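Taken in sequence, the protein lines are chains A and B. The first sequence begins at 93 in the working numbering and counts up by one. The second sequence begins at -11 in the working numbering and counts up by one.
There may be inaccurate statements among the hints.
[To be verified] Derived SDA-like pairs: lysine to any residue, alpha-carbon spacing no greater than 25 angstroms straight-line:
1) B:K219 <-> A:F148
2) B:K149 <-> B:A103
3) B:K31 <-> B:Q60
4) A:K216 <-> B:R212
5) B:K220 <-> A:M135
6) B:K63 <-> B:P106
7) B:K220 <-> A:K216
8) B:K219 <-> A:P129
Derived by calculation from the structure, the hints in this document are not laboratory data. This one's a predicted model, so the numbers in the text were calculated from it and none came from an experiment.
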Amino acid sequence: MALSREQMAQRVARELKDGYYVNLGIGIPTLVANYVPDDIDVMLQSENGLLGMGEFPTEETIDADMINAGKQTVTARKGASIFSSAESFAMIRGGHVDLTVLGAFEVDVEGNIASWMIPGKLVKGMGGAMDLVAGADNIIVTMTHASKDGESKLLSRCSLPLTGAGCIRKVLTDLAYLEIENGAFILRERAPGVSVEEIIAKTGGKLIVPDDVIEMTF
Amino acid sequence: MAGLDKRVATYEEALAGLTDNMTVLSGGFGLCGIPENLIAQIKRMGVKGLTVVSNNCGVDGFGLGILLEDRQIRKMVASYVGENALFERQLLSGELEVELTPQGTLAEKMRAGGAGIPAFYTATGYGTPVAEGKETRQFNGRNVILEEAITGDFAIIKGWKADHFGNVVYRHTAQNFNPVVATAGRITVVEVEEIVEPGVLLPTEIHTPGIYVDRVILGTFEKRIEQRTLKKA
Chain A
93 MALSREQMAQ RVARELKDGY YVNLGIGIPT LVANYVPDDI DVMLQSENGL
143 LGMGEFPTEE TIDADMINAG KQTVTARKGA SIFSSAESFA MIRGGHVDLT
193 VLGAFEVDVE GNIASWMIPG KLVKGMGGAM DLVAGADNII VTMTHASKDG
243 ESKLLSRCSL PLTGAGCIRK VLTDLAYLEI ENGAFILRER APGVSVEEII
293 AKTGGKLIVP DDVIEMTF
Chain B
-11 MAGLDKRVAT YEEALAGLTD NMTVLSGGFG LCGIPENLIA QIKRMGVKGL
39 TVVSNNCGVD GFGLGILLED RQIRKMVASY VGENALFERQ LLSGELEVEL
89 TPQGTLAEKM RAGGAGIPAF YTATGYGTPV AEGKETRQFN GRNVILEEAI
139 TGDFAIIKGW KADHFGNVVY RHTAQNFNPV VATAGRITVV EVEEIVEPGV
189 LLPTEIHTPG IYVDRVILGT FEKRIEQRTL KKA
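Please put together the full structure from these sequences, using the hints given.
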């Protein structure tokens, strides 16, 4: 079975370490906040100028002046700080964020990522994604392995305009966890019950399958 | 003494001097911390041909989105189109010139503009369409592109409280782009929820020192919420 969005978030959460500052993108990455293990403390950075994002508010505490990068109403946790957009991106660009999790349309074997526009069809804008991928060392991309029509999103070369060049080394899809090294995807883990053959069939770029591919458990 | 008293009484005075084809920088992120009444005043004034620099362009019917309705904006510099259907439609049809700019680069362009730095190098956007036509260099093995600063004829921002001197504090994440935008306008106009007596704001808590601010006006705000999200019970 392919991973659900919740399971993808759970798997990403296993990469969190005590004391990390973490930037979570919109969509599946946002869900990672629900799976921070109880025995570690991490601080979530929101690019609109909040370090220490807390949980969603209640009817009593909701405040139009407290939002996250997805424009959702949020709260600030104990130890939080609030600052300008310039300061926020100084943190991001300056490499001060320990882990960045974001979505994408495509990634390729060179570590390129495309996530912000489909020419002639859809223009979302890059928001902070270009700064995030350029500034971070430790990035996990979360995405579905293939489109609804079965077209692979893990390619030899991205077909869409890039968000960043040569900056991605870890990808979690609904089928697998892969690393990118020396011009190839390396299959590290597969989703429970998903065969290596299926992953091979749905991966467009060069894929290396080591002998010890782990089956994820939840 | 009045030289340092930045208060104005009406929105007409607040934006006096804004004319066609000027560049306007606006604070805000999404609909949070936007100068909603100053934007509404620009709509009333009917000025056209504007270049507007702001992270987002509001939504259909609110914020900067209302300036798209009468085609008052000729060029938009922003990082995110998002869910603004009219913006996306005018962009795709080519009737609105749009310079999509990475969010951190956008903030830094205005920070640099306000700080007298004409341009800076950044790794953001290297190898992407953003780098097209821009000078590239390598520092310590890292590829970077040259990005130029942005300044504006007018900067419009939203603060929480200000005093007569134009010292401003922001509330929560309504700060966002406002402090950088404030520094980069030839004329900077701030609208606030409260104007306090001089001395009430502590020197240590000022976010935007009054030197950057030319006009202060008291407003009332709708503060529309874009994504109302509550904790699950």
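Going down the list of hints, with the structure as the test:
With a CA separation close to 5 angstroms, the supplied pair K219 of chain B and F148 of chain A stays within the 25 angstroms bound. Proposed proximity of K149 of chain B and A103 of chain B is supported: the alpha carbons are some 24 angstroms apart, at most 25 angstroms. Distance check on the hinted pair: K31 of chain B and Q60 of chain B sit about 8 angstroms apart at the alpha-carbon level, within 25 angstroms; holds. At roughly 21 angstroms between alpha-carbon atoms, K216 of chain A and R212 of chain B fall within 25 angstroms of each other, so this suggested pair holds.
At roughly 21 angstroms between alpha-carbon atoms, K220 of chain B and M135 of chain A fall within 25 angstroms of each other, so this suggested pair holds. Distance hint between K63 of chain B and P106 of chain B is fulfilled; the C-alpha atoms sit about 21 angstroms from each other, no more than 25 angstroms. Restraint check: the Cα-Cα separation between K220 of chain B and K216 of chain A comes to about 29 angstroms, which exceeds 25 angstroms; the hinted pair is violated. With a C-alpha separation of about 19 angstroms, the suggested pairing of K219 of chain B with P129 of chain A holds against the 25 angstroms cut-off.
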